[in-house]
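Student: Now for the letters of each chain:
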Amino acid sequence: MFTFIKKIYKNQRKDYVMLLIILIFLSSFEFTFLAMYDAFTQFNLHWTVRSALHGIPVLASLVALVLNIFVTKYFIENKKQEFSILLLSGRKPKDLLIYLLLQFLPLMVIAYIIAAIIGSAFMYLINWFPQIQNSTLILNYSFINVCFYSFMYFVFAFIVILALCAHQFVNLDKDLAKYLSQKASISKPAYIIKASAVSSKRKIPWLMIIFSLGAIYLTVASLLNLLQTNLSTTDLLMSFTYALAGIFMLVMTVIPLLYDLLHHRLLKHPILMNALSSFNEFARVMVVLATLNMIILPIQLFLIFFGAKQELIQAITLPCFIMMIIMIALSFILRFFIYNQESRSTFAKLNAIGYSPHILNQITLIKNILFLFLIFIIPLLFMGELFYRAYNQGLLSINIISIMMITYLIINCLVFIYTCVQERISLKEVTQNVKYLNRGQ
Amino acid sequence: MSNILIEASNISKIYDPDIYLKRGKNFYALNNVNFQLEEGDFTCVMGPSGSGKSTLLNCLSTLDKISLGSVKIMDTDISTLNKDQLCQFRYEYLGYIFQNHNLVPYLSIFDNIAAPILLANQDTLTIKAKVIDLAKTLNIEKLLDKFPSECSGGECQRAAIARALINDPKIIFCDEPTGNLDSKNSHLVLKLLSQLNKQGTTILLVTHDAMIASYAKKMMYLYDGGIQSVIYRHQGSQMDFFKKINDITTQDSILKQFSEEPLEEIQEKKEVEEEKTQEDIETIKIINKERAFISRQDVYMIIDGQPYDKEIAKRNTLFHINDTHVHYTNQRNDKVEFDLTTIQEVHFNLKAQFVNFGLFSQYIFHPTVDMVSPQGTYLFKVKNKDDFINIIQLFHQLHILIDDPRHIEEAYKKYPKDYERTKFFQRTHKDLIQYDKAENINGITGNKI
Chain Z
25 MFTFIKKIYK NQRKDYVMLL IILIFLSSFE FTFLAMYDAF TQFNLHWTVR
75 SALHGIPVLA SLVALVLNIF VTKYFIENKK QEFSILLLSG RKPKDLLIYL
125 LLQFLPLMVI AYIIAAIIGS AFMYLINWFP QIQNSTLILN YSFINVCFYS
175 FMYFVFAFIV ILALCAHQFV NLDKDLAKYL SQKASISKPA YIIKASAVSS
225 KRKIPWLMII FSLGAIYLTV ASLLNLLQTN LSTTDLLMSF TYALAGIFML
275 VMTVIPLLYD LLHHRLLKHP ILMNALSSFN EFARVMVVLA TLNMIILPIQ
325 LFLIFFGAKQ ELIQAITLPC FIMMIIMIAL SFILRFFIYN QESRSTFAKL
375 NAIGYSPHIL NQITLIKNIL FLFLIFIIPL LFMGELFYRA YNQGLLSINI
425 ISIMMITYLI INCLVFIYTC VQERISLKEV TQNVKYLNRG Q
Chain L
198 MSNILIEASN ISKIYDPDIY LKRGKNFYAL NNVNFQLEEG DFTCVMGPSG
248 SGKSTLLNCL STLDKISLGS VKIMDTDIST LNKDQLCQFR YEYLGYIFQN
298 HNLVPYLSIF DNIAAPILLA NQDTLTIKAK VIDLAKTLNI EKLLDKFPSE
348 CSGGECQRAA IARALINDPK IIFCDEPTGN LDSKNSHLVL KLLSQLNKQG
398 TTILLVTHDA MIASYAKKMM YLYDGGIQSV IYRHQGSQMD FFKKINDITT
448 QDSILKQFSE EPLEEIQEKK EVEEEKTQED IETIKIINKE RAFISRQDVY
498 MIIDGQPYDK EIAKRNTLFH INDTHVHYTN QRNDKVEFDL TTIQEVHFNL
548 KAQFVNFGLF SQYIFHPTVD MVSPQGTYLF KVKNKDDFIN IIQLFHQLHI
598 LIDDPRHIEE AYKKYPKDYE RTKFFQRTHK DLIQYDKAEN INGITGNKI
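Residue numbers (this note's numbering), protein chains in the order written: chain Z, 25 to 465; chain L, 198 to 646.
Calculated directly from the structure, the hints in this document are not laboratory data.
Among these hints, one or two may not hold up.
One-sided and incomplete, this derived list gives chain Z residues near chain L with beta-carbon spacing under 7 Å [unchecked claim]:
1. Ser302
2. Thr370
3. Ser380
4. Pro381
5. Val458
Straight-line alpha carbon distances no greater than 30 Å define the calculated BS3-like cross-link-like pairs of lysine-lysine that follow [to be verified]:
6. Z:Lys292 / L:Lys333
7. L:Lys327 / Z:Lys292
8. L:Lys343 / Z:Lys97
Coverage of chain L stretches by chain Z, computed from C-beta distances (three or more under 8 Å per stretch; other residues unrestricted) [what the hints assert, rightly or not]:
9. 277–291
10. 309–321
Ideal Cβ positions, reconstructed from N, Cα and C, are used throughout, including at glycine.
Here chain Z stands alone, though its shape is the one from the complex (with noise of 0.2 Å):
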């Protein structure tokens, strides 16, 4: 088994070199939240400016666990062949488990011990930062408290990714020739069909139009109770609650509706028909990271509202803010690396049936705007309107809102780029080669 995994190591060695980055980085930020938190419990205040100011920092360590599990499982996902052929030379499902232990256990604990090096710089910077702007506040932590912490979720988040693994190895175990087999690789549908595309089948789907259209008020209307100035807290929790819901609705239900609707018109545009069919897909499988950019980043920032002290939100909200939106770029990426190589035999497809490279650039490059402006655009609209508020209230300086703007726009436009480039070059060999047409790939 050892020789096995060490080929492994060696073969795919990038791969790997990629998720100990992505894990180092990702646990470096949970220590920091961690460190945080620890710091703040050190402060005499009130409960609930207390609540709020912790509630900051454990909800992005909590978002750094997820992430950390998301992009374990994602990488584990992928390596569901190497599984069915170990059970296919005779191991038992136990036996795959401790595969995994070997495989894993290494690497986790690996990114865990740089993490807790790499955190403690990131601490030093955070008190770094206030004291060049001759400010008072030091967030002293206990470093075996946080690395206490940091244990916890690691002994929580490798439970996890056990259980979610015992659960693929179970159904690999007992369906054992369709994981060997092509029909492994097909992915579900990326939305349900309600309207045929055959007329004398059509039929209206009402329930999902009325849903629809409620998703549609739901974000107008709460855009529009949000620029309401005289709101008090729970009107903006609410509103705020609702906006951040009919975002959602809108990407998940609302854009696989109008291409089911509009499906007749859709056919004079073979671009457009094929982004908007992509970007249902793409939604689909980036919906963990769809979701905390469109939900939980914005509710990281609301928590702002029921800090007291100005000093202390600002040296909370920066970096955890910074560090959120970094975390999800990176499993972004990671995600998008794999997506993105299951996706080259669908360019090689289509370019076969007379799609040419430019083509389908453009339609991949449709999906990808249509994805920066509805998973990162829209959110930075309703962030807006909560750092204006902040702003208003006192609680954040105009230069924090700018850093923690103009850090947003740029990491997501960085994004942005990496995703368009990567599939261009993919394009590229996926027309100059052959073999992503052919079974033997």
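With chain Z fixed as given, assemble chain L onto it according to the hints.
Tutor: Just chain L, lined up with the frame of chain Z:
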């Protein structure tokens, strides 16, 4: 003369290539293959695993690039087309059916079938009518609103066939189209393909199943990247053709190599096989006499017994001259034999070829030889270098009248070295090296379709 849709001359596909410095593995997946597909043909390519069947199909269908030789589809050299032109070409003329259906996972079955036709900006109602019509023919009309992941392998394959047919392509390329289907569905698909062929669609099918191959009109057996044998169905029944195919496929040389039969028996069988092959050659010669005159063929002319360039011989069709007897294999892989004494006149000309090597780009020249006989004119492009002078001298010895308006013979005598001769041709035959006149190997120019 029949209409040739695909013409492949001496094509080779080399993996890990480094022909000149010989540093790579230089694995020949296809080695010097000649191929012709005429309008209305239903040709099947068979061969053991790794023989190069799919590679040949991919190269002929523009999906893969060849390493050596040339592929012309409807008189267009595909090496002259850029990626966009190739896509347009595929979209207009070619249809594909793969073994693993290759449907786009995020498009419904309806959209998958309609995907190629959408590029034509046709009326929506026409698109819908076409898709539904094809879906009914293939019995998948109930699946149109489903996604590939919700359908069985057979259903997906039928959807893929519908997608291949939606454009009414001139040529359909099928790579193991029934590999994932049960026998009932396989026959359904093959009957459909036969029906399409009767209506005029040209089909090139790759399979390793003799039953499937028996639906075709012609079977080519590929072995280790080269064409080993070709058989025709002619007017015979499907069952007879099936038996013929089985005979060929069971003569696999690996079986022979590892057979435990005594050598004598093998020798006897070999003699019987040779007799049979001779019969086949005779049949081809009588029935397809006109095939020797179909189009210009690249050959390397060698006089048996005299030294020749083995590297050129490896990459070209050999034109053997034994005394006055000539034999070679034409693009359709038929064996052609004739006697040089029957040749009344020979016309010489030149063809220029642009070889794009960046800074080292240059033109190379090949003589063309038209041999006029009472049966017709044999057309060749000769790949010989300095040794072509020996061939010219042989024509003189046999008192064959030579028409040489470009004074090629004189050039060969004056400049026996290839480099000097090329420079001379470049100076004296500028009409051949004008833009768009010269052929190109890894081309930058070419006529748009």
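Student: Starting from Lys327 (chain L), check that the Cα of Lys292 (chain Z) is at most 30 Å away, please.
Tutor: 15 Å, holds
Student: Measuring from the C-beta of Thr370 (chain Z) to each C-beta in chain L, is the shortest one below 7 Å?
Tutor: OK, holds: Thr370 (chain Z) within 7 Å of chain L, min 5 Å.
Student: The hint names Val458 (chain Z) as touching chain L; please verify it with the least Cβ-Cβ distance against 7 Å.
Tutor: Holds, because the Cβ-Cβ distance from Val458 (chain Z) to chain L comes to roughly 4 Å (cut-off 7 Å).
Student: Regarding the hint that Ser302 (chain Z) lies at the interface with chain L, is the smallest CB-CB distance below 7 Å?
Tutor: Hint on Ser302 (chain Z): holds, closest Cβ of chain L at ~6 Å, below 7 Å.
Student: Interface hint check: Pro381 (chain Z), Cβ to nearest Cβ on chain L, cutoff 7 Å. Holds or violated?
Tutor: 5 Å, holds
Student: Examine the region 309–321 of chain L for residues whose CB is less than 8 Å from any CB of chain Z, and state whether their number is three or more.
Tutor: Satisfied; 7 residues make the cut.
Student: At a Cβ distance under 8 Å, does chain Z reach at least three residues of the region 277–291 of chain L?
Tutor: Check passed, 7 qualifying residues.
Student: Sort out whether Lys97 (chain Z) lies within 30 Å of Lys343 (chain L), counting only the CA atoms.
Tutor: 29 Å, holds
Student: Does Lys292 (chain Z) pair with Lys333 (chain L) here, judged by a C-alpha cut-off of 30 Å?
Tutor: 23 Å, holds
Student: Would you settle whether the hint for Ser380 (chain Z) is holds or violated, based on the nearest Cβ-Cβ distance to chain L being less than 7 Å?
Tutor: 4 Å, holds
In this structure, every one of the numbered hints holds.
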